[in-house]
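Novice: Residue strings, one per chain:
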Amino acid sequence: MTETVLILGGGQAGAQAAASLRQEGFGGRVLLIGAEPLLPYQRPPLSKAFLAGELPKERLLIKPEAFYRQANVEPVLGVVATALDAQARRLTLDDGQQLAFDQLLFATGGRPRQLDCPGADHPRLHYLRTVADVERLRRHFRAGARLVIIGAGYIGLEVAAVAAKHGLRVTVLEAAPRALARVTSPEVSEFFQRIHAEAGVEIRCNTAVTRIEGTADLARVITGDGEGLDAELVLAGIGLLPNVELAQSAGIACDNGILVDELGNTATPGILAAGDCTNHPNAIYGCRFRLESVHNAIEQAKTAAATMAGKHKPYAQVPWFWSDQYDIKLQTAGINRGYDSVVVRGDPTTRSFAVFYLLGKRLLAVDAINRPAEFIAARTLIPRPGTVDAARLADDAVPVKDLLA
Amino acid sequence: MIKVTYIEHNGTQRVVDVEEGISLMEAAVSNLVPGIDGDCGGVCACATCHVFVDDAWLAKLAPMESMEDAMLNLAEGRDTNSRLACQLKAAPELDGLVLRTPIGQH
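For the protein sequence lines, the chains are A and B, in the order given. So in this note's numbering, the last one in the first sequence is 1674, and the numbering has no gaps at all. So in this note's numbering, the last one in the second sequence is 110, and the numbering has no gaps at all.
Honestly, the hints are just simulated from the structure, not real lab data. Ideal Cβ positions, reconstructed from N, Cα and C, are used throughout, including at glycine. Hints are supplied without guarantee of correctness; some may be wrong.
What the hints assert, rightly or not - Computed, partial: chain B to chain A, Cβ under 7 Å: (1) Ser34; (2) Leu36; (3) Asp43; (4) Gly45; (5) Ala49; (6) Met71; (7) Ala74; (8) Met75; (9) Asn77; (10) Leu78.
As the list claims (entries may be wrong) - List of simulated lysine to any residue pairs, SDA-like, C-alpha gap at most 20 Å: (11) B:Lys64 to B:Gln109; (12) A:Lys1670 to B:Glu69; (13) A:Lys1332 to B:Asp43; (14) A:Lys1580 to A:Gly1296; (15) A:Lys1598 to B:Glu72; (16) A:Lys1670 to A:Ala1659; (17) A:Lys1326 to B:Leu36; (18) A:Lys1434 to B:Val47; (19) A:Lys1326 to B:Gly25; (20) A:Lys1582 to B:Lys93; (21) B:Lys64 to B:Thr84; (22) A:Lys1670 to B:Val102; (23) A:Lys1670 to B:Leu76; (24) B:Lys93 to A:Glu1323; (25) A:Lys1670 to B:Glu80; (26) B:Lys64 to B:Ser86; (27) A:Lys1598 to B:Asp73; (28) A:Lys1582 to B:Gln109.
The shape of chain B in the complex, shown without the other chains:
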């Protein structure tokens, strides 16, 4: 288990315990974190799990593959710290990770 903090656009924080290997999209949906839809079920097909990663954590994430990079162009307000949460899997080195959710998924 690791702890991941999701911060909504209005500042509301939720700390969620996530089992290793589970995607941070699935963890958000199953813990009722608002602002993450995950419509396609986590197969990088819809770009409705867009999150912003706190800068301190960016380098610790697995690098983006070309599919995620392309799909992120669908997300509104893409930034240099944008990722799709379905492609981020909980791992020990991510304990304490902070993600911010956008005002809405496109």
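Isolated chain A, as found in the complex:
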């Protein structure tokens, strides 16, 4: 009997798992099941070059169509899985198909958290996760239009940067006291608030949204202090929810993501998971994370594919992320959770500096702003046992390569 692997989810992790299964020598059937009608594509450009109209849809594909033929991977697109029987190893799709499998990989990613205030069904309110989302957003994305962005996270700020460049009038509303509050330090928040202000983007912190009113083609966003902001376009970027409901209903253990071990196995035999939908252990940090990241999706998919092919490639990675806004490339290495001090290298009033996050004398993470050398050094230093010298990190006169000595 030929063994069958189902990859549930046609995003970055799903595409990587398909490729890696073949690289690891898996010879059985591989089906890649995606809810969207497109082959797996890159999501990072959606809020950047694709939104800006600089990149056609065809160039977003992670692998060309020919790859799936050559690797004998069967894409099953535009369908949603509705039921999973993990014991009988059978998956039911919304077109009525039932698929038997030997192993199944959850690569289901996440979906934007929805606003839950009155008026959240306004036709000019948008979210950004898929090509379809951006195509819909772009219909009214033109110079002079007013855009209100709810949430000063990465999605919100990246869209703000593109919109400002295209001549839209942009206001960002953030409920927390500062931009990017969930992921970075006050130093980096302040920097991004400044560069957006310089580009004419207004970021209002401590500003909650209570409801959305208005007509079909003009929204009015009402804030906590009763003000109304008119906008042709509203975008909410208020976080991602992992797609775990099918796993939960099949009795697979979840806790802020599908729980997996360092090999990608869930607690249920034959069921694995990779990417944004997982809550996974990180041996370098000695704790569990749920990450929203391309790199993590790729690395976890490689690990899970190896496991499914009968190999052993435990996941142990320093997570990394990037964000492009204007002429700024932010590169983050590591996770700063629990840091007790920061070390700033370079001048945050310029457009090139790095902020290192320490717990005691241990380096947890770096936010490198147009500072790739510091980003790379941190990726080497974070997993290394021992301590770092804060004074040397802070001294921009010490060459980066000497930090590694």
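Since the structure of chain A is provided, determine the placement of chain B on it from the hints.
Specialist: Just chain B, lined up with the frame of chain A:
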């Protein structure tokens, strides 16, 4: 269109037609050239499109910017002819270019 030859570490050669302006990472990925990953999609963020440029062609390439230079330090086996293929765009003067791919991306 220009022709670019990719040579794998095991000597396998592939000649790919590349439209002008397209990066040599994207051309490799979309033509199933093994040994080039391009995980970040070509924004010089990951250094998984490391290539070695045949010496005769080095001088014809656009010079390296500081971001590429720094990112290349992530690549295993960096040499004096190392470049990131996402930063190399097909142009008429590169017709016939030869790139060698490493045994694997870091």
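Novice: Run through the hints listed earlier and report the numbers of any the structure violates, in increasing order.
Specialist: 11, 20 and 22
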